[in-house]
Amino acid sequence: MSEQVVHDWIRKAVASNDVVLFMKGTKDFPQCGFSSQVAQILGHLGVTYKDVNVLEDMGIREAIKSFSSWPTIPQLYVKGEFVGGCDIVREMFQEGELQQLLDAKGVNYNRAKATV
Amino acid sequence: MPMDSQDIARLIKARFPDAEVTIRDLAGDGDHYAAHVVSKEFRGKTRVQQHKMVYEALEGRMGGVLHALALTTAPRPD
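Residue numbers (numbering that gives the first Met the number 0), protein chains in the order written: chain A, 0 to 115; chain B, 0 to 77.
Everything labelled a hint here was simulated from the structure, so no lab data went into it.
Hints are not guaranteed to be accurate.
The calculated DSS-like cross-link candidates involving lysine-lysine, where the alpha carbons are at most 27 Å apart (straight line), are [unchecked claim]:
no.: 1; chain 1: B; residue 1: 51; chain 2: A; residue 2: 49
no.: 2; chain 1: A; residue 1: 78; chain 2: B; residue 2: 12
no.: 3; chain 1: A; residue 1: 104; chain 2: B; residue 2: 44
no.: 4; chain 1: A; residue 1: 26; chain 2: B; residue 2: 44
no.: 5; chain 1: A; residue 1: 78; chain 2: B; residue 2: 51
no.: 6; chain 1: B; residue 1: 12; chain 2: A; residue 2: 64
no.: 7; chain 1: A; residue 1: 23; chain 2: B; residue 2: 12
no.: 8; chain 1: A; residue 1: 11; chain 2: A; residue 2: 26
no.: 9; chain 1: A; residue 1: 104; chain 2: B; residue 2: 12
Stretch by stretch, here's where chain A covers chain B in the computed footprint (C-beta under 8 Å, at least three residues) [what the hints assert, rightly or not]:
no.: 10; stretch: 9 to 19
no.: 11; stretch: 38 to 44
Over the 10 Å line for every Cβ pair with chain B, so calculated as not near, a few chain A residues [as the list claims (entries may be wrong)]:
no.: 12; residue: 7
no.: 13; residue: 64
no.: 14; residue: 66
no.: 15; residue: 68
no.: 16; residue: 90
As the structure is a computational prediction, the values presented were derived from the model and not from experiment.
From the three backbone atoms N, C-alpha and C, an ideal C-beta is built for every residue, glycine too.
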């Protein structure tokens with residue numbers, strides 16, 4: 000598949016799912032510590048999300064980097080918008096900003112778990 | 000392939016001359032780092048924009064030879 004075709008696939012994936020995590024491994028079986036941290040935060044907050052395992056598709060693994068101009072994986076998208084990688088998501092969660100973003104975008108999560 | 004922490008700091012300083020750059024070698028293996036960068040150039044930028052600026056300073060190494068660099072950035076206050 001050409002990069003353009005993969006970009007179209009990614010665009011559809013992030014448009015048709017409120018929250019998408021591109022990660023190494025799956026939410027139930029992460030295969031990288033950074034991916035695992037983001038999956039844990041989303042799991043803690045009770046966010047429903049689609050996980051895309053880039054290890055299963057070299058095309059997506061490369062194209063996601065050019066799609067977002069971001070060099071690493073994991074990558075979190077909320078309502079089609081790139082939020083960040085592991086460092087940013089963790090910092091946003093600790094500061095309560097991730098929860099604010101989910102609120103602002105109308106994404107459901109477990110508010111009882113909103114604090115660190 | 001590991002990368003020396005001084006090389007990381009040098010590349011960041013070259014792009015952000017005013018920056019305070021703190022780098023920790025997390026595992027002592029020259030391969031897993033945490034960097035904290037404070038620069039006035041981050042003012043008014045989102046976190047994603049700030050991190051992209053640092054990644055650009057690293058000239059493509061991030062995600063390549065530098066696979067494990069935990070990054071935090073902050074704008075330098077007046």
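A quick look at each hint next to the structure:
Between the alpha carbons of residue 51 of chain B and residue 49 of chain A the distance comes to roughly 25 Å, so the proposed pair stays at or under 27 Å and holds. The suggested pairing of residue 78 of chain A with residue 12 of chain B is violated, with an alpha-carbon distance near 35 Å, which exceeds 27 Å. Using a Cα cut-off of 27 Å, the hinted pair residue 104 of chain A and residue 44 of chain B holds, with the two alpha carbons roughly 21 Å apart. Our distance criterion of 27 Å between C-alpha atoms is broken by residue 26 of chain A and residue 44 of chain B, whose separation comes to about 31 Å.
Restraint check for residue 78 of chain A and residue 51 of chain B: the C-alpha separation of about 21 Å stays at or below 27 Å, so the hint holds. Restraint check for residue 12 of chain B and residue 64 of chain A: the C-alpha separation of about 25 Å stays at or below 27 Å, so the hint holds. With a C-alpha separation of about 31 Å, the suggested pair residue 23 of chain A and residue 12 of chain B falls outside the 27 Å cut-off, and the hint is violated. As the CA atoms of residue 11 of chain A and residue 26 of chain A are separated by approximately 20 Å, the hinted pair is consistent with the 27 Å bound.
At roughly 37 Å between alpha-carbon atoms, residue 104 of chain A and residue 12 of chain B are farther apart than 27 Å, so this suggested pair is violated. For a cut-off of 8 Å, the count of residues in the stretch 9 to 19 of chain B with a CB near a CB of chain A stands at 0, and the three-residue condition is violated. Here's how the stretch 38 to 44 of chain B fares: 0 of its residues keep a CB closer than 8 Å to some CB of chain A, so the rule of at least three is not met and the hint is violated. For residue 7 of chain A, the shortest C-beta to C-beta distance to chain B comes to about 22 Å, beyond the 10 Å cut-off, and the non-interface label holds.
With a cut of 10 Å on Cβ distances, residue 64 of chain A falls inside the contact zone with chain B, its closest approach being about 7 Å. For residue 66 of chain A, the non-interface assignment is confirmed: its Cβ lies about 13 Å from the closest Cβ of chain B, beyond the 10 Å cut-off. Annotated as non-interface, residue 68 of chain A brings its C-beta within 10 Å of a C-beta of chain B; the closest such distance is 7 Å. Not every CB of chain B lies more than 10 Å from the CB of residue 90 of chain A, the least distance being 6 Å, so the non-interface label is violated.
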